[in-house]
Amino acid sequence: MSEPDVRADLSRPIEELHPNERLKFDSRYLRGTIEQGLADPVTGAISDADTQLTKFFGIYQQDDRDLREERRRAKLEPRYQFMVRVRMPGGLCRTAQWLALDALARDTADGSLRLTTRQTFQFHGVRKRDLKRHVKAIVATGLDTLGACGDVNRNVIGAANPLRSPAHAAAGDLARSIGAQLLPATGAYREIFLGEEPRPDAGDEEPLYGRSYLPRKFKIAIAVPPDNDVDVFAHDLGFVAILDGGRVIGYDVTVGGGMGMTHSAPATFPRTADVAGFCVAGDAPAVAEHTLRIQRDYGDRKDRSHARFKYTIEDRGIDWFRRELAQRLGRPLEPARGFRFDSSGDPAGWHRGADDLWHCTLFVENGRVRDLPGRALMSGLREIARLHTGPFALTTNQNVIIAGVTAEARPAVQTLLRAHGLDDDARLTGVRRSSMACVALPTCALAMAESERYLPSLLDKIDVLLIAAGLASERISLRMSGCPNGCSRPYLAQIALVGKAPGRYNLYLGASASGERLGALHLDNAGEREILEALGPLFTRFALERHALESFGDFVIRAGVVPAMLRASDFQRIGGPRKIPTST
Amino acid sequence: MNSQARAMLAPEPVHGSAWDLAPMPPELAGELREVLAKLDQNQRWWVAGLLAAGTATSAVATSAGAAVTVLFGSHTGNSERLARRIAESLGARGVRHQLIDMLECRKTHLQESRTLLIVVSTHGDGEPPERAAPLLELLHSRKAPRLDHLQYAVLALGDSSYEKFCEAGRQFDARLEALGATRVHHRVDCDVDFEPDAQRWIDGIVERLDAPPVDAPAHAAPRATGRGADSAATAGPTSVANAYTRKNPFRAPVLANLRLTAAGSSKDVRHVELSIEGTNLHYEPGDALGIVARNRPADVDALLDTLRFDPQAPVPAGANGTMALREALAERHDIGPVQPAFLRRYAQAIRSAPLEARIHGDAPSLARYARERALRDLVAEYGTVDLGPQEFVALLPPLAPRLYSIASSQRAAPDEIHLTVAVVEYAALGRARRGLVSGLLADATGEDASLPVYLHRNPGFRLPANAAAPIVMIGPGTGVAPFRAFVAERDALGAKGRNWLFFGDRSFETDFLYQAEWIDWRKRGTLSRVDVAFSRDRAEKTYVQHRLAARGAELWRWLEEGAYIYVCGDAEYMAPDVHRTLLEIVARHGDRSLERAGEYLLDLQRVRRYQRDVY
Ligand code: SRM
Ligand SMILES: Cc1cc2nc3c(=O)[nH]c(=O)nc-3n(C[C@H](O)[C@H](O)[C@H](O)COP(=O)(O)OP(=O)(O)OC[C@H]3O[C@@H](n4cnc5c(N)ncnc54)[C@H](O)[C@@H]3O)c2cc1C
Ligand SMILES: Cc1cc2nc3c(=O)[nH]c(=O)nc-3n(C[C@H](O)[C@H](O)[C@H](O)COP(=O)(O)O)c2cc1C
Ligand code: SF4
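Here the protein sequences come in this chain order: A and B. Here the working numbering is used: the first residue of the first sequence is 1, the next is one more, and so on. Here the working numbering is used: the first residue of the second sequence is 585, the next is one more, and so on.
Check before you lean on any hint, since a few could be wrong.
[To be verified] Cut-off 27 Å, straight-line C-alpha distance, at most; resulting in silico cross-link-like pairs (BS3-like, lysine-lysine):
no.	chain 1	residue 1	chain 2	residue 2
1	A	217	A	132
2	A	136	B	1125
3	B	727	B	691
4	B	1125	A	75
5	A	75	B	1107
[To be verified] Per the computed footprint, the stretches of chain B lying under chain A, defined by three or more beta-carbons under 8 Å from a beta-carbon of chain A, are:
no.	segment
6	834-846
7	1063-1074
8	1101-1113
By construction, these hints were calculated from the structure, which means they are not laboratory data. A virtual CB, placed ideally from N, CA and C, is assigned to each residue, including glycine.
For reference, chain B alone in the conformation it holds in the complex (with noise of 0.2 Å):
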């Protein structure tokens, strides 16, 4: 089951005819146009998670009341992945049971079901994926079940360079159980190679459920049995396409490092070109691809010279055993701007009576404090009391790698991978500061300049399979990239379906980014509609959101007629901002409320007809 079967079984299409069903031969649509036609919408709800499902679980899913739910919360498709291994061992051992999406899941999904098993990852900065979020929600909120019936386990999916490592999986256990549910297996957390943990974890709660009599007691006690040859061989490495990773990635050639914006801009927005020639890799429009950085030497040397430890003091670096506090603090730990959170764990670390007043100060002070502060500012206006060398590393976030949405389409540009890189560039206390991953970018600029690279798939935002399907994208500043490679890909492949842009930045002279491509596509024809905002060319600032209630009728039409809708680029205003502008273009426009409103965009990002990469 693909996006286009998702988008066919729309729970609450806007007219029978928005039902794609371009794919099919006419009789085959008009059948099922009458089918879809009668059922309602739970219905429906059931039929598109039994397509989801796929064929091996199908097979032995039923309808309403099945023993065990594997639900997964997933962004890049990690979390999905083990679910559907969850259900297929489940299924390879007769257990009865139903996969769904969070996105899809109700309320009565949870009172129908007897076993839970969670599956779900983190995202942004320690929040659910966006499909994961509304169900969340529900958990939380006053309108939440109670559970009692419900035994349940949680596999999360994180990466413990974030702060808030596994924070949606800890929720959902946490929120679980204050609603009555039992714990059936504890919750495992892992980290970015979840293979052998998510494995064992699969492998013990697929024992303790195999086979017990559909109404047997929730505890009944485990049967002790091998492990079925089939599920180990889904196990093994995903695909040759991933044989890049962030241990070990490719150094991929820099074919071009050019300015984006023109002189006079208050930013530096660089095109990167990067070959991939030879690599067999295989991305498409939508994947992000991950750079690998060491700390700057400088950066490690001035943190060296405000601690008084021994540069060659031996640390411990994770399950490989120890390596040198230089070493260590130059490839394996975050020394940049430092997060409240690591505030926190140092306050209490050196018990700073100072620095604890700050924490329980404001929080908006104090992450604006956090921000302007790199490790070694810390270090200097605080020391290090009586930590030593290990403890003072054991505070440490790990480095992690920075993403970067592909700005090319591989259709396009084979054997290269484009990316849009705004440099990070601030002053802070009276001193320049530069972005670790994006400074690196901005100063590949030799001839031999390469950085090593890994794919980073992201499966939740994909165009859709139906060429013809009209699209929309939102996406100012670097949040166009993407569209880049969206546009270029249905270029190339002489795809039917109208394509409307929104972009915007700061000054229509100095920040178009792609400016001249965008004209040209327009001019073939590939590009429908573009529409722009400029917030610093004239005195009342305009911005994306600002361009889409003004188009709210024809944005209205072309939701009508199944246009797909993308969302990239910032999180933290703009994707809200422009979350209550679709809402109040479809109450407006759709003639319903506002909460109607909500339901309508819930369920266009339930068939993924709303897609958004925020960051």
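Extracted from the complex, chain A is given alone in its bound form (with noise of 0.2 Å):
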């Protein structure tokens, strides 16, 4: 393993670099001036800078913008709160978590736990006053917030729910060990958040990361076929399980994958990762920190918008990854040995899993743990959990899996699931339950328009031309967006909207059914009328003209109705009308 010793990218000074490289840089590994901000009783926030930090700690520091003017004309600054994110490598949740979790919601944050597209859980509404209480109810419960956000690897996702074969276990295995190996080590997180004393030989804290960190977050995906859960092309790497007699071999790995961009830019654009060759499984946690590596003394650290993998990937080629990978393993990655995806979504309801336990999936709408009027979702799951030996698994697409229930022990889950309101997902259309929307407003600083709040409203309009059209079971996948980011992995769904303004989306078509090929403009600049109008006239000549088992996503491209996105960097260029004309 030889590896030149090029931790920050030092071919350029400093400040010639992102501002953010010079923080990180200067931050002490991560401490800044968090403490003296928590402490300061006469501001709910801290200092712009530590903002910066906190989020390697999995904190961002947010406020309601529902009050934003209300509370300027009030002379008040602005509602500051915290959102807190979980990191729970596989999205694995022992029962006796979730009530901790639960009780804190209601406890320390806004009263509902957030499930993510990364399989696992914020906390919105967490009062500065509150924050240290908060992270240390966390990590008393044996899951923490670090690395959750930052410049460092995130929350590792597997494919739903290990208990569900032993492929599935070998891929939530393998996301808790990289999830480990990957952590920041700063002792600033332990100090700040959990009162513990400097260790007094400090010295290089990061030997990993260095004091600059990435140029970027970096996100890791295991998938087990043929389900894309997961959607492994959406991430900077992903790594594919190739199965023999159903154990896990190895795996083919995926690299440059992401979904962010910036309306207009056309140099910005969401990619499906390439395949970039085959690892055995004992290989792959070196391969993840080799490659991490790679991100870490490549990736530009000028232009924070063109610092992902993605880019990097995008800029050198494939084969240059391949050869640098090579040289820091010590020997190349062996060639892809191929796989099919038939969906990206989860099973749905009661099923079986391999041992003969069964799991139960319950659809949660945006992800969102709330009590509801006639779906008591949030004391359900208590009341669930109370009684319940197995685990919950988190889901990628923000649901949960009551795991592991044996037969005997099913019908007394399925009478609380139907004392709660949560026996009826089967009556939902396929698309509400293929649906996500990111969180967005009021919480989210980056949104442009409504997501998680707007959706549900909008799904009651498109059920009716669905119905209307006969397919109300048709698993159509469709995600929202507030921002062109795409937290909800929205490029990579059948029907996706994206916000753009306040009632205003782009509408993409013809993405794939399980997750390969991104999504091609429609309609610039949507409001809900046009959106509908446009839907309504597709579902019909889908419905009239579909060949069998075909996709929504494939029927548009075939019907002409949008191009099949082929480049990435086409994606922001072709595909419209546009209404806004867009340089290049």
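Take each chain as given, in its own frame, and dock them per the hints.
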């Protein structure tokens, strides 16, 4: 394992890099002035610089955007609050942990739990004065929030429900071991949030990351075919399990995927990952670490909108990556073995796993766990958690699976589901069950339009169109994001709505059903009416003209509604019509 | 002599270096320090009094044993102004005298004087002005000297719209008499338009004291002399700034009316901006604004409905004759929540046994009983028996204007006056109640809303003249209003002095009045420190006094460095709690007994480094 010592891109003086680079470099391994900021009772905020640092600890400063104007007029500062993201590689959660987090949500957060597209929990609305207490309570459950955000490796996601099959179990194990291996090592987290004493011999606290950490976030996903629930092509690094007799012998490795882009900046684009080759199962952790090091050394530290690994791969090519990795690994990847996906959704309702245990997928609309009239999701899951002996498995589609239910225990779980109005998922349209929305307003600072709060009512109207077209149970994925960052991975949904301004969305169509192909722009800056007017006739045509088993995404391409998106760099250049001409 | 000079002469400076001689040229400051160091405490007081009295009186002031001592107890400056005028008149006639602020008055002053002339106002709910309280306490205490050798007269200032009209003056009068002193002139209780009555009293007393030999018997026959031209001049109207009065208010257009408390707050606190464009009004940070109101027509109607009187019945209306009952109830009398004193008068007038019984019950429950009832509730419950409209109206307290601390600096916002108003809203006897004037302010939201206002000077609450002196501001709730003016003023002036704010309220998120501005001023460096206490955010309640205690050591350091302390807001609980905490801080960190700490704070008060405006 030979490796050039280029921990930070020192080919350019730090002054010429993005200001965040200096900030990280000077932060004393992420300490900054967080401690002082937390202690200042005059403001609910911390300093701007520190908000960049707490991200590395899974903590985002936000404010309630609904209240901004009212509070500004009242001469009050914005209603500052914190989003806290749990690190939970593989998405497996013991019921005791669930109960603790549920209580915590009602104690020091906004009363809800948010299941994310990366298979973990977010708390919203945590106040500064409660922050340490909140984080401590999470750590007390055996989970933590370290590295859940920030320029480091993020929560490693794996095919949902490790109890489903040995291959799923292996994916879960790998997610956890890579997660642990790539954790930032700084003592700052434990000192600031857990009140631990600094280690006296600290010195170089980050042997892997260095003082400047990564140029940008880094995301890893592990898939078990034929399900692509993790959207393996959407991540910086992916492992696709290659099975032999149900056992994982190794992984095909994918690199350079990502979703985020900026509207009207065609040099930014979502990108599906390239397949780089195959590695045996035991090599996967080393492949992960070296790939991360490659991005650490070669990622763009000047332009953060060009700093994700997908641009490094796009600019240098997959062959360069193979060579670079081979050099660091001491041997090249083997040729890819090949795999086939047939869906990117979660299994529906009750299903049986490999060892005769039952699992039940509960649809969580947009990942928000709270009680609604007629659907007491939060209370229901709390009751089930008290009775259930197995774990809960979070999915990357914002749902939760009650995993490992014995045949004998199933009726009791079913009774609780019914009692809380949670047993009628089957009555929802296939589109709704395959839908996701990112958080967006009022907490997300980057949101340009509503998402989580709006999608349910839009789906009510879309449901009418689907039912009219006879497509009520057709599983067409639909995802909404409040901005082009694409946190709900919309560009891989057959119907995608990406916010541009309040009430205005870009409509993308033509992504494949199993996550290999991006969609293409169909409507630019459209309001609800235009969206419905566009979808209605397409649903009718699809119902009448589709080939057997043809997905909606494939159909719109065959029908010439949108072009097939074959190259990521074309994403903001083809399709249309565009209302605002983009410059190149 | 201004507060700066007074501060300089602090009788018991913490350190020699604490004499704030910044405005002096260095050589002069050095000489002055030397002289000051040689003086004992009494001598220092004497110098302070000498300078405080100003040049006109100092010419004839003597040391101990002046024949006539003019003592004033003033909060907003009226009594002080009158006392000064007395001193000038005496001076003009060659009468030996000294002019002393009550806070600076020692037992020895009383023992050595032959004649004592007192001018004192009443504040709060019948209390003496803060600077007069220690002297009155002394007179009430066992330490009070016998005063058989003394002759005296009292001029009392007050406002007859308060229940305890001229209470402080009455008490001085009664105590001096009880201690053996001889009244040489009857006490006059002056109402808000005090000028004519006060001048008559002054003329009377000065004539009586005019030029008798110093040792002449106190009851020497007065000599009739004409009034000097100079004293006539001083009796004239005070200044242009006071052209608007409660009787002749200015209708100030409302420029803005914003809610400061966020949704979810238990309170409605407003930021109200008024225009004074074109008025020539000049105010200083610390001043207050008076707002004149009429009773709400609905309240008047409801009261008339319960009374069996003819609304047109003529009733007395002061010097101007009579007016119709309806009109009198609308503009002359307080018909809102009743006070215990009114209950007493009322019970007597209607000879109601049940009401009498209640009055003789325990005080707190009587106060509660009174608070919950507006006049109409009382009338509905007990009727008016055989009272006629005239007698009924004669029982009623007059309708008083309400005061609001000005929350703006004229330097930062010329032509504007900002107020911070807590809207009084509560339910009693199953009915929603709303404060008369705060309610009026809350409703003044329309495009062309305006309010009748006048300026209420508050010279007892002023920034240090020395812009480099540090200040500590303690103002929870709406008590923070004048501090917004203080900080804005110091910011606009680029004043060098450090500023430390203590604020408190119920909830950080909804009730942090002017939070964004404090944060801004802190960023700019104008505010050096901000400490906050929110009582309802945590299980254990924290109030400003707890924050003060937690910062005791540092606060003490500031005091040693010459800091001024200001307290504004609630008089019932906050101000006494804060005072107690300050005592403890001085005792603990200044390493002295509580009693000595009390003297220390009293000294600060004397030199106006500890000022309070509480209500
Ligand atoms: C909660 C979550 C969406 C959800 O509804 O579940 C989410 C929410 C946010 N994302 Fe995301 N992202 C989430 C998954 C994603 C994904 C999907 C994925 O990882 O599988 C993506 C696309 C994949 C990718 O990274 O390319 C994604 C791409 C982004 C980006 C764009 C990154 C880029 O390269 O352009 C940003 C903005 C940024 O980083 O500058 C972002 C930033 C954000 C922030 C933190 C906004 C911010 O930076 O201020 C959002 C917080 C909103 C809130 O109020 O909670 N989020 N974000 C997901 C949390 C995942 C987790 O548990 O870690
Ligand atoms: C020097 C000074 C400065 C002041 N500065 C300010 C300032 O900056 N901001 C400010 O808001 N106020 C200030 N005040 C107070 C202000 O002058 C008024 O007293 C206040 O606004 C109430 O007047 P109102 O006419 O609205 O209420 P009123 O109609 O006079 O009613 C008030 C009465 O209602 C009764 N009451 C009130 N609350 C309750 C309750 N919860 N339960 C039962 N009875 C109750 C009490 O009897 C109380 O006296 C100041 C007062 C003074 C003396
Ligand atoms: C807050 C406040 C409370 C007052 N309370 C009383 C009172 O209880 N009784 C009274 O007779 N006058 C009261 N007054 C009226 C003052 O005594 C009167 O304004 C007087 O002229 C003030 O004189 P000074 O400036 O010397 O303090 C009060 C005035 C204020 C501002
Ligand atoms: S997609 Fe945009 S709006 Fe939605 S959560 Fe992500 S950053 Fe926020």
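| Going back to the hint list, which numbers does this structure go against? | Of the numbered hints, just 7 does not hold.
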